[in-house]
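Asks: Residue-level listing of the chains:
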Amino acid sequence: MRYIPNVSEQELMLNQMNMTMEDLFKDIPDHLKGEIPLQPPMSDLEVSRKIEATVQKNKNMLSFLGSGCYNHYIPSHIKELLSRSEFYTAYTPYQPEISQGMLQALFEYQSLICDLTGMDVCNSSNYDWATALAEAALLCERSTGSKKFVVPDLLSPFRKRVLTTLAPDLEVVTVSHDERGHIDLEDLKEKVAHAGGVYVEQPSFYGFLHENLSSVGDIVHDASALFAVGVDPISLGCINPESSADIIIGDGQGLGLPQNFGGPLLGIFACKKALLRKMPGRVIGMTESESGERGFVMTLQTREQHIRREKATSNICTNQALCAVAAAMYLATMGRQGLKEVAELCMRNANYTMRKINDIPGFESPIFNAPHFKEFTVCHPQYKNVHTHLLRNNIQGGFMVNDTTAIYCVTEMHSTHDIDALVTALEGFHV
Amino acid sequence: MYRQAKFSEPLLREKSVSQRVGYSLPEPLGEPVTIPHSLVRKELPLPELSEVDVVRHFTRLSEMNFGVDTGTYPLGSCTMKYNPKITEELSTLFSGFHPLQDESTIQGCLEVLYNLQEYLKLISGTAAVTLQPAAGAGGELTGALIIKACQKGRTEMVVPDSAHGTNPASAHMAGFDVVEIPSNDQGTVDLEALKSAVSEKTAGLMLTNPNTLGIFEKDILQVADIVHDAGGLLYYDGANLNAIAGICRPGDMGFDIVHFNLHKTFSTPHGGGGPGSGPVGVCEKLKSYLPVPLIGFNGKDYSFDYDLPNTIGKVHGFYGNFQVAVKAYIYAVIMGSDIRTASQMAVLNANYLAENLKDHYEMPYQPLRKHEIVLSCEKIKRETDCRALDIAKRLLDYGIHAPTIYFPLIVHEALMIEPTESESKEDLDTFIEVMIKIKNECYTTPDIVKEAPHNTAVGRLDEVKAARNPVLAWNQI
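Going down the list, the protein sequences come from chains G and B.
Numbering of the first sequence is given in the working numbering, commencing with residue 19 and proceeding in unit increments.
Numbering of the second sequence is given in the working numbering, commencing with residue 9 and proceeding in unit increments.
Hints were generated in silico from the structure; no laboratory data involved.
Check the hints yourself; a few may be wrong.
[Said to hold, decoys possible] Listed below are the simulated DSSO-like cross-link pairs for lysine-lysine, each with C-alpha atoms no more than 27 Å apart in a straight line:
(1) B:K308 - B:K14
(2) B:K129 - G:K75
(3) B:K473 - B:K458
(4) G:K358 - B:K23
(5) G:K402 - B:K308
(6) G:K51 - B:K129
(7) G:K165 - B:K209
(8) B:K129 - B:K23
(9) B:K50 - B:K93
(10) B:K226 - G:K51
(11) B:K93 - G:K97
(12) B:K458 - G:K44
(13) B:K473 - G:K329
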């Protein structure tokens, strides 16, 4: 077996120990040792053929899906650097002196996310946006003592489901929207009473940008609740992070990671310094060696499960560290000018596509009269049939939120040719 | 002796040069979009670097990091085995697909997930498997939430004192009161203590087998009976599955819920902290509680199965760490029945270390271990003032990653060593030789040990200072 060197030495080793292989397993009761009908092992060539055949069963499509997993440009050197096995074959850096590379990279990730979000502190990752939302709600509860958590009605159904699953003891209340999709401030004033936290997304799940978030923040803080904001980090290249937020979460998958059928993603979790000691997840801090050299360590571990056990701020142990390193590489590569440009590219391409679709008879885009970032709604009375029609044209349309509406996503990855192909296909749809 | 690369590598922000760029992008389409004034970002304080700057920076950082590909990494309970390169390469073939694509266009992705579900059912002896939890602790929480959903009114989760910290933390997150039971003098579950701990309040017991001492819980069937008779469910923490995969199955031992760490037993790389993957298998009566969706197969097509009437909901935005699942699947296909050989050799390697180190370090509890051994440095500490921590740091100087230290909590000055099946006899002999050498150094030149490491990128770091005055981002320097 090519990964197990000692197959050839086992007799020698066992003889030296004066034992047999059976002796090593004599503590397992015999009746538990049954034959498991496993397949014979496979050679590299055989497994390559098998997996390549499986991949062929997928269809490569021109896709306009987003809704939490995005197709963004990944510079080649990021893939190359992530394949450095000193990074990817390491465990969590429990021994900092021999793991400075990973620790510095994660410290830089935290720093870049703080710069991007305007928050004071950031952990070194959660699993994804959805689980980060559940952790944010639990942080609000720990900080305020209130189990009530307010979310917008225009929220990703996936994120909402994860929130209610992972925080089953919280009372999740929805706040409605006005005709522009914005948080209804009157309804919020009512719902925020005795709440521990209020969560909104910028841009929203439907792609539009709220213009009333500072008013939302005021209402939330007047009620002594915490304000959590979910963001698309790419949008922060041209859109201001909400300054009244106490917690900012989001998904960093768009920062240098492929879609990978929805995972691994990268849960971003950043907050104000006042919440630091209650924050979930691993944190990297800067320190010094005994001779005064700069170095990095995992810190504030007294919040964590391996020290505090049931009193920990979260059970999280393994996180998405390598994804966080990818995000650091991406943000370093794009820099202040590049991230602004990619954000503007997405916004411009998306708005261009939105207008083109809105011009097609029978289609309406978007539903909400508000500025849109890279996602927008497309409505048609028979949208389900539109979806099938597009598939026949080898196009995967947006994510259907109901029978008449889908959420489309356009990024810098879409060329004029791609958008023309979509528009032509939609124009070719006849009831 | 080992010497790690050492660069005085500045932070990205310190390397930043105004106007420098590392990217290229195409021209946008259509007219410029006007962003409402109140939303426009005024300042974006990201660094400015060229592609070359970025590549050198992260290449240098990687050279100041130690992975399984660098050398022996006997981190107990973490199963740091070799990660086959072919799984890395083949897994990228799936990287371009979106989780919300029409089912008809992603049959290949679904086939992999379905086959992995089936494989994990077979290897664990469970009836249904979800691949959604993103890591082992996520699997534990999923399991604890399932127990909570079907054990209404039962408020207590029993956890042995030798358990991983994530067990009580996950149980607590699910809303349980944690009841800790002591281990007996064999290092296994104390049956009398268990009997007196269970009651009509008991929702379940979370157990690792082999446990964190590397000892197989030979009374597992009695443990299962005690818990089941009290109306509780038995949860298997799969962190130590590498000792028994292909040899015996948690389902046959009476476990109702099992989590797997794909980044341990199934050889997917740990990424320096993640991503991992923590699938959960359950017995037939708990299938309807699993998170949605599962992957179904009707003999022709694969599809998402949302028909789980008691489902706890969802534990990940999509279907978990898919790419990690693909790598684990490829590993499982390559290994086939050789997974049994992997377990045997992992156990052989651990016992070979025990046999050769037991005269030099204390080894509490019985000698026969499975995949890992736990040594104690208590006597050395008493006689030389060198602690387990110092010995761990000194190992780094010899180019060997340290074992897990100070865990499990029931062994003082613990070194928890898991060599895995990947280490050759020569590597094991080197490890033994170095461990004996370090012990001798504790008695002859203790300062060398107490001041270790000397050969890593940086000397011993002040963790107290880091916690007392936290600097968690460069804007706090």
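Asks: Each hint needs a verdict: does it hold in this structure or not?
Replies: Hint check results:
no. : hint            : verdict
1   : B:K308 - B:K14  : violated (56 Å)
2   : B:K129 - G:K75  : holds (24 Å)
3   : B:K473 - B:K458 : holds (19 Å)
4   : G:K358 - B:K23  : holds (20 Å)
5   : G:K402 - B:K308 : holds (24 Å)
6   : G:K51 - B:K129  : holds (16 Å)
7   : G:K165 - B:K209 : holds (24 Å)
8   : B:K129 - B:K23  : violated (51 Å)
9   : B:K50 - B:K93   : violated (45 Å)
10  : B:K226 - G:K51  : holds (13 Å)
11  : B:K93 - G:K97   : holds (15 Å)
12  : B:K458 - G:K44  : violated (40 Å)
13  : B:K473 - G:K329 : holds (23 Å)
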